[in-house]
Amino acid sequence: MKTASIVGTSVPRLEGRDKVTGRAQYVDDMVLPGMLYGATVRSRIPRGKIRKITFDQAIDWREFVVVSARDVPGKNCIALIEDDQPCLADDAVNHPEEPILLLAHPDRHLLPQAVEAVSIEYDSLPPVFTIAESESLKEIIWGTNNTFKTYLIEKGDIDSVWEKARYIIEAEYTTGAQEQLYIENNGMVASFDPQQGITVWGSLQCPYYVHKALMKLCCLPAEQVRVIQMETGGAFGGKEEYPSMIAAHAALLAIKSGKPVKIIYDRMEDMAATTKRHPSRTRHRTAVSADGKILGGEIEFTIDGGAYETLSPVVLSRGTIHAGGPYYWPSVRIRAKAVATNAPPHGAFRGFGAPQSLFALERHMDRIAQTVGLSPVEIRRRNFLQPGQTTTTGQTVNEPIDLGKLLDRALELSGYSAKKEAFAHENQRGSSKKGVGIASFLHGAGFTGSGERYLGSVVGVEPCEDGSVRVLVSSTEFGQGTKTVLSQIAAEALGIRYKDVAFAQPDTRDVPNSGPTVASRTVMVVGKLVHSAALGIQQTLRAAALLGDAYSPEEFRSACRSYVAEHGKFRSLARYEQPKDIVWDEEKYRGSAYAAFAWAVYVASVTVDLTTYSVSVDDFVALQEIGKVLHPILAKGQIIGGVAQGIGFALYEKVIWNNGRMQNGQMTNYIMPTSADLPPIRAYFEELGNHHGAYGAKGIGELPMDGPAPAIVNAVSDALGISFDSIPLLPEDIFDALERNTDEAAATRSPRGRA
Amino acid sequence: MSKTSPRHSKCEITFTVNGKSVTVRAHPMERLLDVLRHELDLTGTKEGCGEGECGSCSVLMDGALVNSCLIPVLQTSGATIVTIEGLSADGRLCALQQAFLQCGGAQCGICTPGMILAAYHLLDKKSQPTLEEIAEALSGNLCRCTGYMQIFEAVQEASRSGAPK
Chain X
1 MKTASIVGTS VPRLEGRDKV TGRAQYVDDM VLPGMLYGAT VRSRIPRGKI
51 RKITFDQAID WREFVVVSAR DVPGKNCIAL IEDDQPCLAD DAVNHPEEPI
101 LLLAHPDRHL LPQAVEAVSI EYDSLPPVFT IAESESLKEI IWGTNNTFKT
151 YLIEKGDIDS VWEKARYIIE AEYTTGAQEQ LYIENNGMVA SFDPQQGITV
201 WGSLQCPYYV HKALMKLCCL PAEQVRVIQM ETGGAFGGKE EYPSMIAAHA
251 ALLAIKSGKP VKIIYDRMED MAATTKRHPS RTRHRTAVSA DGKILGGEIE
301 FTIDGGAYET LSPVVLSRGT IHAGGPYYWP SVRIRAKAVA TNAPPHGAFR
351 GFGAPQSLFA LERHMDRIAQ TVGLSPVEIR RRNFLQPGQT TTTGQTVNEP
401 IDLGKLLDRA LELSGYSAKK EAFAHENQRG SSKKGVGIAS FLHGAGFTGS
451 GERYLGSVVG VEPCEDGSVR VLVSSTEFGQ GTKTVLSQIA AEALGIRYKD
501 VAFAQPDTRD VPNSGPTVAS RTVMVVGKLV HSAALGIQQT LRAAALLGDA
551 YSPEEFRSAC RSYVAEHGKF RSLARYEQPK DIVWDEEKYR GSAYAAFAWA
601 VYVASVTVDL TTYSVSVDDF VALQEIGKVL HPILAKGQII GGVAQGIGFA
651 LYEKVIWNNG RMQNGQMTNY IMPTSADLPP IRAYFEELGN HHGAYGAKGI
701 GELPMDGPAP AIVNAVSDAL GISFDSIPLL PEDIFDALER NTDEAAATRS
751 PRGRA
Chain Z
1001 MSKTSPRHSK CEITFTVNGK SVTVRAHPME RLLDVLRHEL DLTGTKEGCG
1051 EGECGSCSVL MDGALVNSCL IPVLQTSGAT IVTIEGLSAD GRLCALQQAF
1101 LQCGGAQCGI CTPGMILAAY HLLDKKSQPT LEEIAEALSG NLCRCTGYMQ
1151 IFEAVQEASR SGAPK
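So the sequences go chain by chain: X and Z.
Note that the numbering used here has the first sequence beginning at 1, numbered continuously upward.
Note that the numbering used here has the second sequence beginning at 1001, numbered continuously upward.
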């Protein structure tokens, strides 16, 4: 008996009721008896040696718990890929927010003064702040050459294409740091018991990342470290790796004091000290035929990783693989590099390197179009990847994606042609100029290459006493709808009701490691495993002759109850196995980079006000092929929310650096879009299915971050007839460019100006 | 304000929260946000920025929408405060809460209590707002997840139902 389909419908968000009533428990809502509050004393210089630490005697330090690097029981590092980032600086500091000491006190009001009362003297060393300074190697601040990681992708014979090219188009593009700006600041509570070990509760994406870091730091076995995710108020990658640092700090204070300790960052500390999107520089040199076909290209993609390696190699990898976009490159050479600077480490942020390299590519496509004398639409159409062709890594497109058709639909939905015509007319007069821009792109779902095989994620589903089933994963909910969609999948797989599925709180004591909640992998990879694990229950109940071939949800409940009453609880586990059609050569960086790509075409319309030089986005169409829409409202919510962040990335969000520190670490002066700043954002879907994903789904979390910035900057360039190659693009940048243009025009007219 | 220790010169302040009269002993400059969360255990009011920019700590004070991180508790003496907990006091969701749930107006949920109170305040003043009026009325409440469109839909939905309260 088949019940009505649950997948594909917009069931109520599983934890939605708690969220709209204010009952949902976030980490700052937690209070434990006898709890202390913790604070962090940080470096205030970008690079140097710690000479002396002095405690102001005006403070009664006996009331405080003070932790330094000497109190670390195990290895003083935040374990991730390399163990190069200290938990607390001991001797040297490498960025101006580096933690040095931790303080705790029962009265949280006394902490800010105490932090100020610690003075640290340093022997300063010359700092490095930009990619160019890092590359110059005048100062070596990391390893032997300031380089965390390099990649090389080579396809075809790139060296022979230049002589065949009718056009060679070269340009450089840059993107700035971007703050994730989740509305809930980072925070952790830790408690320590000599027998049970460490328990932490926190705002986080990846319970097992924190678990791994605490084991190494505290020198404890797995069973003596317990990590519990509280309701998490937004993350966007910003709670992927840094929570391990805060958990480590809270744990050290809890161990030393013997009391539970809460650390909650305030907004300024969160913005200044935690990770941001990697600033990037991309150089393109492209050989193009007379009819606008790409013959080949060299792409150089460089990101600023900040002071420690953290996740930079992985961010670089995704950015590198996406650098060629949804186009066919007969030959290409991509050189990629992540370099060190004396800024706080940059890290995961939705898109993970791809928004940076795709911004460059999609601006470059418009530049190519202009050089060749084709429209932005036509240049893309002529170069789109077709089924059967290979990507830059040599992965064959083996799904029936028709990018030309996707483009046509996006143009139609946005009224592109009519707008082009109307704007050409309107722009001849008035104090504003209008433009329209497109971006076409792809985003790979899941970990890159063999990443999923190394993770080997495990998912559990168990029947409960009351006849419901419970999903057990370390995959976390932080707004995207993880709990809702994974529950839908379990319900659909078993033919039971959505309300008959419960979801275990991610707690490393109870749930298996289904991997980190990152990389647009949850619905596609973890969802598929939830589906398999759920079917395992059905199989067991049938084997026990409690369930027939056809059954009603009520009969299933009753079978579960009988089974658990008779045999006790059991867990049906499913472990990831790499599909045979995914083959990846890590050495040569060739093969199937991702199990599936989502494909998209976005169209932005803008108005540039020539009095204020501000840009307003008037309309935004986001069309994407995502395999299968499992929950229409959540899917739409992901796309619209991502586009809004992309609009911020393009036009508003600028981190002002001063001596390696973020100077505008406040919502007052780091500007994200408000409800009054955004255009109607219209999201549309195409569904081609995907045999690697649950019910044909592909990942969509990061996709919408890739397209808005290039679509908008293409639109601004279209409006003004000037190429803009850097984001964020602020009114002052537009003013400068227009002034420069006027000066150059005057200089061309006046012979003296040329002298 | 948050840097001032409340250890000395506490005073008694009486005000009404969600229909109940309460008396708290607090430092006069203590933030209303902290008093609600720590003294009265009303943790549905959230802190996002601590400087009146994000609106996560929005509550209604004598019918006005205020950022509770900017209100010294002394100022609430005799006032009537409504927090998110006051909108579903009988365990039933109000029309706005129902609409946020139905339309995808809440994602991570951290801005949701403040956002719902801002929307409540709007519908209280104007029961059938235009889309522009909704966008304007909510512009002091930041949401990083939704891109606001589904929040607008939720407010329109609640406004159509005609019973935001």
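Keep in mind that the hints are not guaranteed to be accurate.
[To be verified] Derived coverage of chain Z by chain X (criterion: at least 3 residues anywhere in the stretch with Cβ under 8 Å from a Cβ of chain X; other residues may be distant):
no.: 1; region: 1010–1018
no.: 2; region: 1068–1075
no.: 3; region: 1084–1093
no.: 4; region: 1116–1130
[To be verified] Which residues of chain Z face chain X? A few of them, derived with a C-beta cut under 7 Å, are:
no.: 5; residue: 1022
no.: 6; residue: 1025
no.: 7; residue: 1150
No wet-lab data here; the hints were simulated from the structure.
From the three backbone atoms N, C-alpha and C, an ideal C-beta is built for every residue, glycine too.
Each hint tested on the structure:
Under a criterion of three residues with beta carbons nearer than 8 Å to beta carbons of chain X, the stated coverage of the region 1010–1018 of chain Z fails, only 0 such residues being counted. Coverage of a stretch by a chain is defined here by at least three residues with a beta carbon nearer than 8 Å to that chain's beta carbons; for the region 1068–1075 of chain Z and chain X the count is 0, and the condition is violated. Note: the region 1084–1093 of chain Z has 5 residues with beta-carbon separation from chain X under 8 Å; the three-residue rule is met and the coverage holds. By the rule of at least three residues with a Cβ nearer than 8 Å to a Cβ of chain X, the coverage given for the region 1116–1130 of chain Z is violated, with 1 such residues.
A cut of 7 Å between beta carbons decides the hint on residue 1022 (chain Z): the least distance to chain X is about 17 Å, and the hint is violated. Interface hint at residue 1025 (chain Z): violated, since its Cβ lies 15 Å from the closest Cβ of chain X, which is beyond the 7 Å cut-off. Checking residue 1150 (chain Z) against chain X by beta carbon gives a least distance of about 6 Å; that is within 7 Å, so the hint holds.
Checked against the numbered hints above, the structure violates hints 1, 2, 4, 5, 6; every other hint is satisfied.
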